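In order, the protein sequence lines correspond to chains A and B.
Each number in the working numbering comes from the position in the first sequence (counting from 1) with 9 added on.
Each number in the working numbering comes from the position in the second sequence (counting from 1) with 141 added on.
Treat the hints with care, as some may be off.
[Unchecked claim] Computed list of lysine-lysine pairs in DSSO-like fashion (alpha-carbon distance at most 30 Å, straight line):
#1 Lys178/A - Lys134/A
#2 Lys227/B - Lys334/B
#3 Lys32/A - Lys178/B
#4 Lys195/A - Lys124/A
#5 Lys298/B - Lys281/B
#6 Lys148/A - Lys196/A
#7 Lys124/A - Lys134/A
#8 Lys131/A - Lys196/A
#9 Lys148/A - Lys334/B
#10 Lys195/A - Lys134/A
#11 Lys65/A - Lys334/B
#12 Lys334/B - Lys196/A
Just so you know, these hints were derived from the structure itself, not from any lab.
This one's a predicted model, so the numbers in the text were calculated from it and none came from an experiment.
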Amino acid sequence: MQTSPKLNLTPKPAPSITPEQQKTVNRRTFLGFATLGLGALSGVLGWNWLRSQPEKDGVYAPLRSVLEANGSLNENVLYSNTHLAPQYPRSMAAADPRTNGEVGLDEEVELDAWKLTILPPKGGKSLEISFADIAALPKTELVFDFKCVEGWSEIQHWGGVRLSEVFRKYGIDTDFRYVGMATPDKKYYVGLEMASALHPQTLLAYESNGAELSLEQGYPLRLIVPMKYGIKNIKRIGTITLSNERPPDYWAEQGYDYHAGL
Amino acid sequence: MFRTVRLERFQATTQNKHFRSYPLTLTTTQMETIIEKRIVEKHPLAVRWFHWVNFPVLMVMIWSGLLIYWANDIYEVTIGSTTLIKFFPKAVYDALNLRAHLADGMAYHFTFAWFFAVNGVLYVMYMLVSGEWRFILPTKSSFGEAWRVLLNDLFIKKHHHPTTKFNGAQRIAYTSVIVMGAASLLTGLAIYKPIQLSWLTALLGGYEAARLEHFCLTIGFCAFFLVHLLQVLRAGWNNFRAMVAGFELEDVTVNAPDASTEAVMPPGIIPTDSSATPNTSSL
Numbered sequence: 010m011q012t013s014p015k016l017n018l019t020p021k022p023a024p025s026i027t028p029e030q031q032k033t034v035n036r037r038t039f040l041g042f043a044t045l046g047l048g049a050l051s052g053v054l055g056w057n058w059l060r061s062q063p064e065k066d067g068v069y070a071p072l073r074s075v076l077e078a079n080g081s082l083n084e085n086v087l088y089s090n091t092h093l094a095p096q097y098p099r100s101m102a103a104a105d106p107r108t109n110g111e112v113g114l115d116e117e118v119e120l121d122a123w124k125l126t127i128l129p130p131k132g133g134k135s136l137e138i139s140f141a142d143i144a145a146l147p148k149t150e151l152v153f154d155f156k157c158v159e160g161w162s163e164i165q166h167w168g169g170v171r172l173s174e175v176f177r178k179y180g181i182d183t184d185f186r187y188v189g190m191a192t193p194d195k196k197y198y199v200g201l202e203m204a205s206a207l208h209p210q211t212l213l214a215y216e217s218n219g220a221e222l223s224l225e226q227g228y229p230l231r232l233i234v235p236m237k238y239g240i241k242n243i244k245r246i247g248t249i250t251l252s253n254e255r256p257p258d259y260w261a262e263q264g265y266d267y268h269a270g271l
Numbered sequence: 142m143f144r145t146v147r148l149e150r151f152q153a154t155t156q157n158k159h160f161r162s163y164p165l166t167l168t169t170t171q172m173e174t175i176i177e178k179r180i181v182e183k184h185p186l187a188v189r190w191f192h193w194v195n196f197p198v199l200m201v202m203i204w205s206g207l208l209i210y211w212a213n214d215i216y217e218v219t220i221g222s223t224t225l226i227k228f229f230p231k232a233v234y235d236a237l238n239l240r241a242h243l244a245d246g247m248a249y250h251f252t253f254a255w256f257f258a259v260n261g262v263l264y265v266m267y268m269l270v271s272g273e274w275r276f277i278l279p280t281k282s283s284f285g286e287a288w289r290v291l292l293n294d295l296f297i298k299k300h301h302h303p304t305t306k307f308n309g310a311q312r313i314a315y316t317s318v319i320v321m322g323a324a325s326l327l328t329g330l331a332i333y334k335p336i337q338l339s340w341l342t343a344l345l346g347g348y349e350a351a352r353l354e355h356f357c358l359t360i361g362f363c364a365f366f367l368v369h370l371l372q373v374l375r376a377g378w379n380n381f382r383a384m385v386a387g388f389e390l391e392d393v394t395v396n397a398p399d400a401s402t403e404a405v406m407p408p409g410i411i412p413t414d415s416s417a418t419p420n421t422s423s424l
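Start from the sequences and build out the full structure, keeping to the hints where you can.
If you want it as structure tokens, here you go:
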């Protein structure tokens, strides 16, 4: 008997699966889920391992290692002193630049008594520079987008002297790996790679919007280092240290990336 | 020795060996219709690995991103002076314990970004080299189909025409999410190194624009995840198992069953169009 399939009106039987197919299905399903389960287990174990590691400066050691590797990668591959922070017209600068953090600004400060002390590494003769000496050096102004590690940014107008100019003027040996800076009371401190210190936009700033710094902005002299987050832009600098060992850094000790480069 | 295979899913639109077409022949001389199950390859092993590695990594990226966002949580959707959505309400920070972990958030984010990037780049390379991209790249018909799928899924108008591995809506979604991943990496780099990569930051509209874009992409991933989860739940076990074990079981209506034809149909081989040529020994 021949009939077109279209005319076949018998109800469809339930789909049948052969024993061989069922065996394949069972085997592959088991293998698939066993692999997924093992993968999930290793993920959980890996996560727990990570979070059971000792902390290094406020963050789990493996994460700290990656932050360090990221920092080296930036220094060696991306970073260049020809990469400049974009500049803006002065009219775009914030009239009242945002402040954040007052560590190291507790004590009274008197301009006549204030000195910038530059310390060579092995306890050699230190150099003391007065505010007037700093102000006598060529002034550089910079209007750039200041970036805080918190995620905000603001166009700000700063004036001061290039750190590289200070080093040049006073014959400071820049053949060291790091520059450290600290407030006079040593409560706030940062470390920079020498390259960042010598960047043409790295300033020892004494003016904001053309006026002397407020106390909250780091009177009388603060660092402006545009290729770093705000945490590196130390206010009220007391001492500058040159060294081949990495100088201590306030926020890097509390879980933040030491490099903090932008 | 003739047979008809009605179902045409997973047609050979690629050179991938898993989807090579095997011509079958047609007859109308037999009347009996039976329905069989067939094991059909769906997701290649590599795709399954990329998928399941990406899932937890993306979760860590979103979570650590929220830890970072908390420190400057300025985004909201407003109309006039009315705030429609605030990112994020207090309850979200409470529920996920997002407060005061900025340093942790950055450390996790800049560590797991490597896994996210490497896995994503390998996935895209695999898709390109294997030819799998043909299954997820939207075609001309995908957009109309996506609309019909949407109407169907919202219970507005029934639509059922599965033709290939993924429907139009899926193609658009899976391609979009790859583009979103790439955009997340780029906007992320633009806010991570806005001076060393100032060209990229400028290209994306500046530092703050790039940060907003990065945030919107994150919300997009959350939306994708939600819809994806609902669709996976709706699609059921067979579909879910395919992303774990690789195969789906297909109902195949077969006319003219002939035990001897099984010999020319290796298990797991995909049937093709019924307008086929006669069997040859080359099979």
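Could you tell me which of the numbered hints above are not met by this structure, giving the numbers in increasing order? The structure conflicts with no hint, since it agrees with every one listed earlier.
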